[in-house]
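Residue numbers (my numbering), protein chains in the order written: chain E, 76 to 207; chain X, 76 to 207; chain D, 76 to 207.
Treat the hints as calculated values from the structure; they're not laboratory data.
There's no promise every hint is true.
A pair holds if it fits inside one copy or across any two, identical chains being indistinguishable in the list.
Claimed, not checked - Straight-line distance between alpha carbons at most 20 Å, and here's what the computed SDA-like set of lysine to any residue pairs gives: (1) K202 <-> S170; (2) K110 <-> A162; (3) K110 <-> E121; (4) K202 <-> L166; (5) K202 <-> D150; (6) K106 <-> V169; (7) K106 <-> V191.
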Amino acid sequence: MHNYPLTAGVTLLLVLLMFGTAWNVGRAREKYGIKAPATTGNEYFERAYRIQLNTIEWALIFLPTLWIFAAFVGDRHAMIAGLVGLAGRILYAVSYQRDPATRGTGFMIGMAAFGVAGLWSGFAVVKALLGS
Amino acid sequence: MHNYPLTAGVTLLLVLLMFGTAWNVGRAREKYGIKAPATTGNEYFERAYRIQLNTIEWALIFLPTLWIFAAFVGDRHAMIAGLVGLAGRILYAVSYQRDPATRGTGFMIGMAAFGVAGLWSGFAVVKALLGS
Amino acid sequence: MHNYPLTAGVTLLLVLLMFGTAWNVGRAREKYGIKAPATTGNEYFERAYRIQLNTIEWALIFLPTLWIFAAFVGDRHAMIAGLVGLAGRILYAVSYQRDPATRGTGFMIGMAAFGVAGLWSGFAVVKALLGS
Chain E
76 MHNYPLTAGV TLLLVLLMFG TAWNVGRARE KYGIKAPATT GNEYFERAYR
126 IQLNTIEWAL IFLPTLWIFA AFVGDRHAMI AGLVGLAGRI LYAVSYQRDP
176 ATRGTGFMIG MAAFGVAGLW SGFAVVKALL GS
Chain X
76 MHNYPLTAGV TLLLVLLMFG TAWNVGRARE KYGIKAPATT GNEYFERAYR
126 IQLNTIEWAL IFLPTLWIFA AFVGDRHAMI AGLVGLAGRI LYAVSYQRDP
176 ATRGTGFMIG MAAFGVAGLW SGFAVVKALL GS
Chain D
76 MHNYPLTAGV TLLLVLLMFG TAWNVGRARE KYGIKAPATT GNEYFERAYR
126 IQLNTIEWAL IFLPTLWIFA AFVGDRHAMI AGLVGLAGRI LYAVSYQRDP
176 ATRGTGFMIG MAAFGVAGLW SGFAVVKALL GS
C-alpha cells in the first residue's frame, strides 16, 4: 500500500467525508432534540441521517474498487477517480441537506467515478488473469 | 494487491452485488412510491432495504477477512471462499425479497464462508506472528 | 498485506466485534419478538441495533485509516491504535446496551484512536508524496 501514496491520500479524504457526515448527524441530533436511539421525528435530522447512510453505502462500493483500480491500473488514475468521486459526494451531501430533490447531480458524479473505476478495474483484472 | 488477481476479481463481483442491492432499493422506491428520506411504508420496499443493509453488514465483515485470507493463506483459497460467500448472499437476497422466512439458507452459506475464512486466517496470522 | 501481521490480527478482532454486535441484534430480535424487517418496537432491541450500526460506521472510517497507518507509519503503531480503538468500542457497546447516556467514554476512546491514526497517517502520506 505504501506504493500508492496518492490513493492513500484520497482515501483519507474520503474517510474525512464519512466522518463529516457522521458528525453532522450528531449535530442535528442536538439541534433538533432527537435523542438516541431514535432516528426519526424531524425532516432535517432525517436528511442528515440519510446523507450519512448513503455516503457509507457509496464508500463501501467505491473504496475496494478504488484500491483494485490503483493496484491494477495505477496510483494516479485512482487519485483522479477518487477526487471526482469525492467532489460528487460533497455536492450530493450539500444538495440533499438543502432539498432532497436536488441530490441527483452529485449522486450521478459519484456513480460515474465508481462506474469508470469499476469497469476499468474489471478489464485490468481479467487481463492480469489471462496473462498469468 | 496486484499479486492477488483472483481475490480482486471476486471482490469486484461482491461490490457488484452491493451495487445491485442498492439499485434494487432505488427501484422499489419508485415502484412503491416511497419518497426519500422515508424508509418505511411498504412491505416489499422494506424487504429490499433490509437486504441492502444486511448485505452491507456481511460485506463489511467479509471483505477485510477475505483479503487477510488471500495474503496469509492464498489467492486461490480466497477466491473460493469469495465465490461461496457470493453465491450464499445472492440466494439470501432472492429468497428474502420473496419471503423473509426463507432467507436462512443463503444466510448460513454466507456466514460459513466468513467463518472458514476468518478462522483459517486467524490461525495463519498467529502462525506468522510466532514465526517472526 | 502479509508484511503487516499485527495489523491483520487486530483487524480480525475488529471484524469479530462487528460480528458480535450483529449477532446481538439477532438475539435481541428473538428475545423481544421483533420480526424482520421491522427494526423498532422495543427499547432494548433498538439499542442493540444502534450499537451495530454505530460500530459499522466507526469501523468504516477506522479500518481504511488503520491500514494506511500500518503502511505509511508501521505495523506496531497500527496494532496499538487498533487495540485502543477496539477497547473503546467494546466499552461503548456494553455501556450503550445498559444505558445510552453512558456511551460517551467508549465513543471518545474509539474516536481518539481514529483521530491519532488519521492525523499521523495524513502527515506520513504527505511526507511520502513530497519525498517522491
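Outcome of the hint check:
{"no.": "1", "hint": "K202 <-> S170", "result": "neither (39 Å within a copy, 34 Å between copies)"}
{"no.": "2", "hint": "K110 <-> A162", "result": "neither (32 Å within a copy, 25 Å between copies)"}
{"no.": "3", "hint": "K110 <-> E121", "result": "both (13 Å within a copy, 12 Å between copies)"}
{"no.": "4", "hint": "K202 <-> L166", "result": "neither (35 Å within a copy, 29 Å between copies)"}
{"no.": "5", "hint": "K202 <-> D150", "result": "both (18 Å within a copy, 16 Å between copies)"}
{"no.": "6", "hint": "K106 <-> V169", "result": "within (18 Å within a copy, 27 Å between copies)"}
{"no.": "7", "hint": "K106 <-> V191", "result": "neither (39 Å within a copy, 28 Å between copies)"}
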